[in-house]
Each structure stands twice: as C-alpha cells, then as structure tokens.
Amino acid sequence: MSLKDLPAALRPREKLLTHGPAALADAELLALLLRTGMKGKGVLALADELLTRFHGYAGLLHRQADDFRQIKGLGPAKRAELAAVIEMARRALAQQLERGPVFDSPARVKEFVALRLGGQQREVFGVIYLDSQHRMLEWCELFHGTLTQTSVYPREVVRQAMALNAGAVILAHNHPSGLAEPSRADEHLTQALKGALAMVDVRVLDHLVVGAGCVVSLAERGLM
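Quick note: the sequence shown uses full-length UniProt numbering, first residue 1, plus one each step.
Just so you know, these hints were derived from the structure itself, not from any lab.
Check before you lean on any hint, since a few could be wrong.
[Unchecked claim] Computed Cβ-Cβ distance ranges for the label pairs, DEER-style:
| # | residue 1 | residue 2 | range |
| --- | --- | --- | --- |
| 1 | GLN121 | THR18 | 34 to 44 Å |
| 2 | GLY195 | HIS55 | 37 to 47 Å |
| 3 | THR18 | ALA58 | 24 to 34 Å |
| 4 | GLU141 | ARG69 | 20 to 30 Å |
[As the list claims (entries may be wrong)] Here are the simulated BS3-like pairs of lysine-lysine, each with C-alpha atoms no more than 30 Å apart in a straight line:
| # | residue 1 | residue 2 |
| --- | --- | --- |
| 5 | LYS72 | LYS41 |
| 6 | LYS78 | LYS110 |
| 7 | LYS39 | LYS15 |
| 8 | LYS41 | LYS78 |
| 9 | LYS194 | LYS110 |
| 10 | LYS72 | LYS15 |
| 11 | LYS41 | LYS15 |
Just so you know, these numbers come straight off a predicted model, no measurement behind them.
C-beta atoms are modelled at their ideal positions from N, C-alpha and C, and glycine is treated no differently.
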C-alpha cells in the first residue's frame with residue numbers, strides 16, 4: 001500500500017502537519033524522506049526494512065553512504081538524501097562544539113565522533129583540534145587502516161596541530177569489531193602522542209574509542 005492509499009488522517013505528512021513530528025512512528029518519519037517505495041514494497045515497508053537492518057536511527061545515522069547500496073529500492077537519489085541528512089547531523093554537532101568549550105558538552109563530543117566513525121568497516125583515526133579556549137577548530141581524519149590495525153604517525157598529528165595553531169586535541173578512533181574497550185596498544189599510542197604534542201605545547205584532553213553504539217573515554221577510565 002502506498003501513502004496516497006492511506007486515509008488522509010493516517011498519512012505521515014498530514015499527521016506531521018497536524019500533530020507535529022513527535023506524533024510519527026520511526027518508519028513514518030523516514031518514509032517522508034524516502035517518499036516512494038518500489039514495486040511490491042511500499043515506502044513504509046522500505047523505511048521499516050532500513051530501520052531493522054541498521055538497528056534504528058542510531059545505527060542508521062552512523063552509516064556511510066555506500067552502506068545503503070545493499071538495500072533494494074534505494075537508488076542514487078535516495079542514498080544521496082540519506083547521506084545529506086547524516087551530514088547535517090554531523091555539522092550541527094560540529095557547530096555546537098565550535099561555540100563553546102568541549103568540557104561544556106562531553107556527551108556531544110562523543111555523539112560527534114560516533115557519527116564520524118561509527119559504522120566504518122575499517123579502522124580510522126581522527127583528531128579534534130581545539131583552540132586555546134577548547135573550542136573545536138577542525139576535525140581531521142588522518143589515518144586509515146585495515147580491519148585490525150592502523151599506523152598512526154605522531155609527526156603528522158603534530159604538523160596539523162601547528163598548522164591550525166591548536167592549543168589542545170581530542171584523539172578518536174573506531175574498533176570495527178564493535179567492541180569499544182581500549183586496548184593496551186591504544187594506551188601506548190595515547191602516551192606516544194601526548195609526548196609528541198607536549199613538545200609543541202599542545203595538550204591531549206582525551207582519547208575516545210568508538211564501538212557499536214558505544215564510545216569509551218580513556219580519560220574517564222583514568223588511562224590518560
């Protein structure tokens with residue numbers, strides 16, 4: 001059944017305009033973005049399949065555009081629209097981190113790195129560079145590795161810090177296995193980068209490890 005076959009009061013667009021977006025179920029809200037389904041599968045069924053496959057909105061927003069290729073009924077236009085919504089969420093969080101010290105919003109920092117690194121199929125190491133007031137200057141993905149390891153070069157992290165005139169950094173990387181538990185290698189890398197950045201008076205405030213639906217802070221674990 002297509003949306004136009006539903007009674008007017010049950011159509012997602014009409015429900016949203018009458019009662020607000022909170023009145024819509026998850027699949028109805030996503031169906032508004034997708035607009036159309038495919039032969040044999042209405043847009044509500046397509047939206048429900050997406051949410052089931054990626055474990056709800058949290059999982060959906062952590063995916064990359066290429067992850068949607070596997071879903072029948074998602075052509076280039078729909079994939080582009082989904083990728084655009086995900087990027088808007090990332091930029092909204094980035095703008096919030098640019099306006100005030102990261103200490104004022106540690107949860108947003110975790111949400112930001114989760115949106116950047118969650119769902120990646122290989123290991124990615126990134127750095128949030130901060131100014132002297134600990135506001136975000138730039139997010140940089142510096143190194144990409146295999147599913148099990150990545151090579152991180154301290155001189156490149158330091159070079160970028162100097163180019164941006166950063167006062168501090170927050171390190172972040174993902175574990176494609178989905179387990180966010182920091183490893184001994186993560187601890188050793190953190191100490192190596194702390195030492196290298198200290199030579200140019202840049203502080204390492206934290207190192208965040210992104211897993212499946214979870215972000216672990218080494219600072220909160222007392223591992224810094």
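### Query
Hint numbers the structure violates, sorted upward?
Every hint satisfied by this model.
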